[in-house]
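Chain by chain, the residues run as shown.
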Amino acid sequence: MKNPYQPKTAIIRKIQPQASEIKLFTLEFKNQKDRLEFIPGQFIEIGIPNFGEAPFAVCSRPGDIEWQICVRQAGSLTTKLHTLKVGDMVTLRGPYGNGFPQIKDKNLLLIGGGLGLIPLRPLILASGEKNQKIQVFYGARHTKDLIFKNEYKLWEKSVDLYLTLDKECPGWKGHIGLITTLFDDTKIIENAVAILCGPPVMYKFVLEKLKEANFADSDIFLSLERRMHCGIGVCQHCTIGSKYVCKDGPIFRYDEIKNLPEAI
Amino acid sequence: MTKLQLRKFINWLGKEGYSIIGPVKEGKQISIKGITKPKELDLSGCLPLYSFKKYLIPPKEILFEYAGQQFKSQLVSKKQALFGMSIFDLKALLLYNHVFEKDPYYQARRQNTLIIGQVRMPPPQFPSFQIWQEKYEEDVLEHLQFDIFLGSQRKNGKGINFRIYTGTRIGQEILESFGYKNYEHIQFAGPIKEEGVEPQILEVREKMSKYFNPKIWEKLGKICIECGKCSLVCPTCFCFDMKDEPDLKKSQGIRTRRWTTCFYEDFSEIAGGHKFLATTSEKIHNWYWHKFVRIPDEYSFPGCVGCSRCSMVCPAGIDICKVLSSIRGRKKGEPEVCKIL
Chain A
1 MKNPYQPKTA IIRKIQPQAS EIKLFTLEFK NQKDRLEFIP GQFIEIGIPN
51 FGEAPFAVCS RPGDIEWQIC VRQAGSLTTK LHTLKVGDMV TLRGPYGNGF
101 PQIKDKNLLL IGGGLGLIPL RPLILASGEK NQKIQVFYGA RHTKDLIFKN
151 EYKLWEKSVD LYLTLDKECP GWKGHIGLIT TLFDDTKIIE NAVAILCGPP
201 VMYKFVLEKL KEANFADSDI FLSLERRMHC GIGVCQHCTI GSKYVCKDGP
251 IFRYDEIKNL PEAI
Chain B
1001 MTKLQLRKFI NWLGKEGYSI IGPVKEGKQI SIKGITKPKE LDLSGCLPLY
1051 SFKKYLIPPK EILFEYAGQQ FKSQLVSKKQ ALFGMSIFDL KALLLYNHVF
1101 EKDPYYQARR QNTLIIGQVR MPPPQFPSFQ IWQEKYEEDV LEHLQFDIFL
1151 GSQRKNGKGI NFRIYTGTRI GQEILESFGY KNYEHIQFAG PIKEEGVEPQ
1201 ILEVREKMSK YFNPKIWEKL GKICIECGKC SLVCPTCFCF DMKDEPDLKK
1251 SQGIRTRRWT TCFYEDFSEI AGGHKFLATT SEKIHNWYWH KFVRIPDEYS
1301 FPGCVGCSRC SMVCPAGIDI CKVLSSIRGR KKGEPEVCKI L
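Here the protein sequences come in this chain order: A and B.
Per the working numbering, residue 1 is the first one in the first sequence, and the count goes up by one each step.
Per the working numbering, residue 1001 is the first one in the second sequence, and the count goes up by one each step.
Just so you know, not all the hints are guaranteed correct.
Partial selection, computed: residues in chain A whose CB lies under 7 angstroms from chain B [stated by the list, open to error]: (1) N3; (2) P49; (3) L224; (4) R227.
A few chain A residues that don't get close to chain B, going by computed Cβ distances all over 12 angstroms [unchecked claim]: (5) K104; (6) E168; (7) E225.
Since the hints were derived computationally from the structure, they do not count as laboratory data.
These figures come from a predicted structure and were not determined experimentally.
Ideal Cβ placement from N, Cα and C applies to all residues, glycine included.
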């Protein structure tokens, strides 16, 4: 019988420090036969023997042979991961979850708060759809927290990128204020679907702004984070009401969850 | 089947290589244990405090033994006969069969497990749930999965005989090879009765999913001490953690799966420390939601089997019957107890 918990092996091919305590890992499957395609928004369970497993969004360009994850050092697994070197190995299960819907007939407004930019990156890297414009709002606390810094110039060739920092920082000449203030100071892209990812506290305030801008509930998608162990809808850690973030999510259309008080 | 024949049958199963696990009286309490002699089994028909959960979903099991990147699983499982599973435990078995349908560890164990059910009821101080009656045996049994089932049949005068039913071909083959032919077969008709799920259960689901009367959870949040005993004893609580246990040898160890409960502090905690189930009332709400909304949404049958074990062990005195009554909103003149499961 197929064992859904059997991990595959991946080799770390590249490690790029991004910000304080955040690194971008490029992974190659040891056995290419193990590699499946992922949909932007899906996640994988990355593991290190003795340190267990944890879920991470795949953040590379869809279709690329190598997969990337961007990881902040937070618990024991991620601390260990941060000590690994190029050529070291990790285990991998997945991809899991539904991923973002494929939207072709509307523009995209991507809103990322802090590490919430990570799952949105595949959408930015895959942009270039004819007749689709992409506007990106990204808010971070401090210049030293900005991730994917060296890519912004490249991204700006295909998306309209708006950055903001929570507070003034030395050397920062850009926008200042919480991510919601970008809504007040920017012309919001029209005929768009909004995709949000960020810390739990961000959603409530951004949703208010989106409603002010007349986004329909069915045109808002949120990527939600929960604790996960199995990744396949059994262990119950990630549930919201009767929904499983690992299986029915992590991407939810707002009208599907707006009546679940524990969702946001 | 007489008591004597039953004991012979159990002896015979032991000789056929089955470990026999069943109810054993220890002082005032009935436990579930492995036995060597049929005499050790309690045949009283009283409900043991513990269910058979741990023999189907172990409190801790090894998913993999690893050495470096090599993860090896072993699915070998010994032949076991679970003797004396109550209707409640058999209902829980239906749930396990669904939840762990794609789980190779559960499936390997299940394939080597002989299920022998028996009419067993909670003690009289918990009279609230539907009382088992002989005439209902067949109606109820056709919605349960078992190999063999022992119905009770009072003898004229003293003592008890057992009416024997089979639910699978394996059950029939085993009885035939033992030399017992006086059994009836019951065809499994799915987990839900022809008339559908009881309306009271649907009412609880409906009211909970509309977040009707949130005060119930605030009140329970003040009483509950988050000890997790209800989850331990509940046959349908199956939440688990996955955790690595390192060996002393470098990069060797075991990846385990072990019971947990949504009452534990870290159950919903994510990196950075945020907890989605932060208060006691959120936790207890989630516990009830799982049984009365999430499981019905997923499998179309209730996630509570009605054994009232959680009420028996709760140190704070939370009685599931009373909670369900208040969720439904007790009608005038209706007794406080619920008769819904």
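Do the hints match the structure? See the list:
1. N3: Result: holds, 5 angstroms to nearest chain B Cβ.
2. P49: Cβ of A/P49 sits 5 angstroms from chain B, so the hint holds.
3. L224: violated (10 angstroms)
4. R227: holds (5 angstroms)
5. K104: holds (32 angstroms)
6. E168: holds (24 angstroms)
7. E225: violated (6 angstroms)
Checked against the numbered hints given earlier, this structure breaks hints 3, 7; the rest are met.
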